[in-house]
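Given the sequences, and given the hints that come with them, work out the whole structure.
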Amino acid sequence: MSLAGATCIKRQEDESKATPEHIRLYQSFIGSLMYLMLGTRPDIAYAVGRLARFAHDPSKEHFRAVLCLFSYVSMTTKFTIQYTQTNHEEQDSYFPYGTSDADLGGELSTNIRRKSTSGVMFIMAMGPISWSSKLQKTIATSMMEAEYIALYAAGKQAAWIQNVYEAIGDQMKKRNTSTSSFTTLKNSLKGTRLKCCTLYLKKMKLMFLLNV
Numbered sequence: 012m013s014l015a016g017a018t019c020i021k022r023q024e025d026e027s028k029a030t031p032e033h034i035r036l037y038q039s040f041i042g043s044l045m046y047l048m049l050g051t052r053p054d055i056a057y058a059v060g061r062l063a064r065f066a067h068d069p070s071k072e073h074f075r076a077v078l079c080l081f082s083y084v085s086m087t088t089k090f091t092i093q094y095t096q097t098n099h100e101e102q103d104s105y106f107p108y109g110t111s112d113a114d115l116g117g118e119l120s121t122n123i124r125r126k127s128t129s130g131v132m133f134i135m136a137m138g139p140i141s142w143s144s145k146l147q148k149t150i151a152t153s154m155m156e157a158e159y160i161a162l163y164a165a166g167k168q169a170a171w172i173q174n175v176y177e178a179i180g181d182q183m184k185k186r187n188t189s190t191s192s193f194t195t196l197k198n199s200l201k202g203t204r205l206k207c208c209t210l211y212l213k214k215m216k217l218m219f220l221l222n223v
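According to the working numbering, the residues represented by the sequence shown are 12 to 223, in order.
Note that these hints are calculated values from the structure, not bench results.
For each residue, glycine too, the CB sits at the ideal point set by N, CA and C.
One should not assume that every hint holds.
What follows is a set of in silico ranges between Cβ atoms, one per label pair, in the way DEER data are often shown [stated by the list, open to error]:
no., residue 1, residue 2, range
1, LYS89, THR149, 22 to 32 Å
2, HIS67, ILE150, 16 to 26 Å
3, GLN96, THR149, 39 to 49 Å
4, SER85, LYS28, 36 to 46 Å
5, THR30, TYR108, 42 to 52 Å
6, SER39, GLN96, 36 to 46 Å
7, PHE81, ARG124, 35 to 45 Å
8, GLU32, MET154, 19 to 29 Å
The calculated lysine to any residue pairs, modelled on SDA-like cross-linking and capped at a C-alpha distance of 25 Å, are [stated by the list, open to error]:
no., residue 1, residue 2
9, LYS145, ILE92
10, LYS89, ARG64
11, LYS28, PHE81
12, LYS145, CYS79
13, LYS167, ASP54
14, LYS167, ILE140
Structure (structure tokens):
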């Protein structure tokens, strides 16, 4: 099973429930992987997040997926996060900036079907300093809406990092890969479905992190 396929597993309805021992073992595996992911391995954040959603009742396929992920980690132990010293002309690289993105309805498991996943990363000195991959709480009906929610999540993290960074640097730069969500931020929200994002927009404006 490939690493990509390992994150697309659905619980089979006819499978027997996992035993308490198997559940504890699976949760310990997820905890070990999460420790790596939070420390120095942003490349496994998405896979760990997907597999962690089945920690309450894992199947045999989920165990195989976890072992596949362990195998990937063992083969990439030399992967490191590198922070690059720059010259005076490239001094802007020492200012942290963030990027956000999202899929649309990528979660296919029965209990949380069609929810999207937000991805957020902040970079400084050419290396990541903060990252996350989390399931969105609401069901987005368009790519723009899913990326808008991810952008708001990035804004909250940026506000926290800014409080730490403002004593030694300028305001952070926020980069967003979604043209539609960024356009929406700069214009008035219109339409019934977009009204649900009004609160997000107001909070983003209060953060003073975006020129909207």
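ask   = Taking the beta carbons of LYS89 and THR149, is their distance inside 22 to 32 Å?
value = violated (40 Å)
inquiry  = Need the status of pair LYS167, ILE140: alpha-carbon distance at most 25 Å?
reply    = holds (15 Å)
query = Falls inside 16 to 26 Å, the C-beta gap from HIS67 to ILE150?
reply = holds (21 Å)
message = Next pair to validate is LYS89 with ARG64; report whether the Cα-Cα distance is within 25 Å.
response = violated (28 Å)
ask   = Quick one: are PHE81 and ARG124 within 35 to 45 Å, going by C-beta?
value = Given about 28 Å between the Cβ atoms, the range is violated.
ask   = LYS145 and CYS79: Cα distance at most 25 Å?
value = The given pair, whose Cα atoms are some 21 Å apart, holds under the 25 Å limit.
query = Lying within 19 to 29 Å: is that true of the beta-carbon distance GLU32 to MET154?
reply = Violated: the Cβ-Cβ distance is about 42 Å, outside 19 to 29 Å.
inquiry  = Quick check on a hinted range of 36 to 46 Å for SER39 and GLN96, using CB atoms only.
reply    = holds (39 Å)
request  = Please test the hint of 42 to 52 Å on the beta carbon pair from THR30 and TYR108.
outcome  = holds (47 Å)
inquiry  = I want to verify a distance hint. Is the separation of the beta carbons of GLN96 and THR149 within 39 to 49 Å?
reply    = holds (42 Å)
ask   = Within a Cα-Cα threshold of 25 Å, do LYS167 and ASP54 meet the stated pairing?
value = Status holds; Cα separation ~22 Å.
ask   = Taking the beta carbons of SER85 and LYS28, is their distance inside 36 to 46 Å?
value = violated (30 Å)
Hint check: violations occur at hints 1, 4, 7, 8 and 10; the rest are consistent with the structure.
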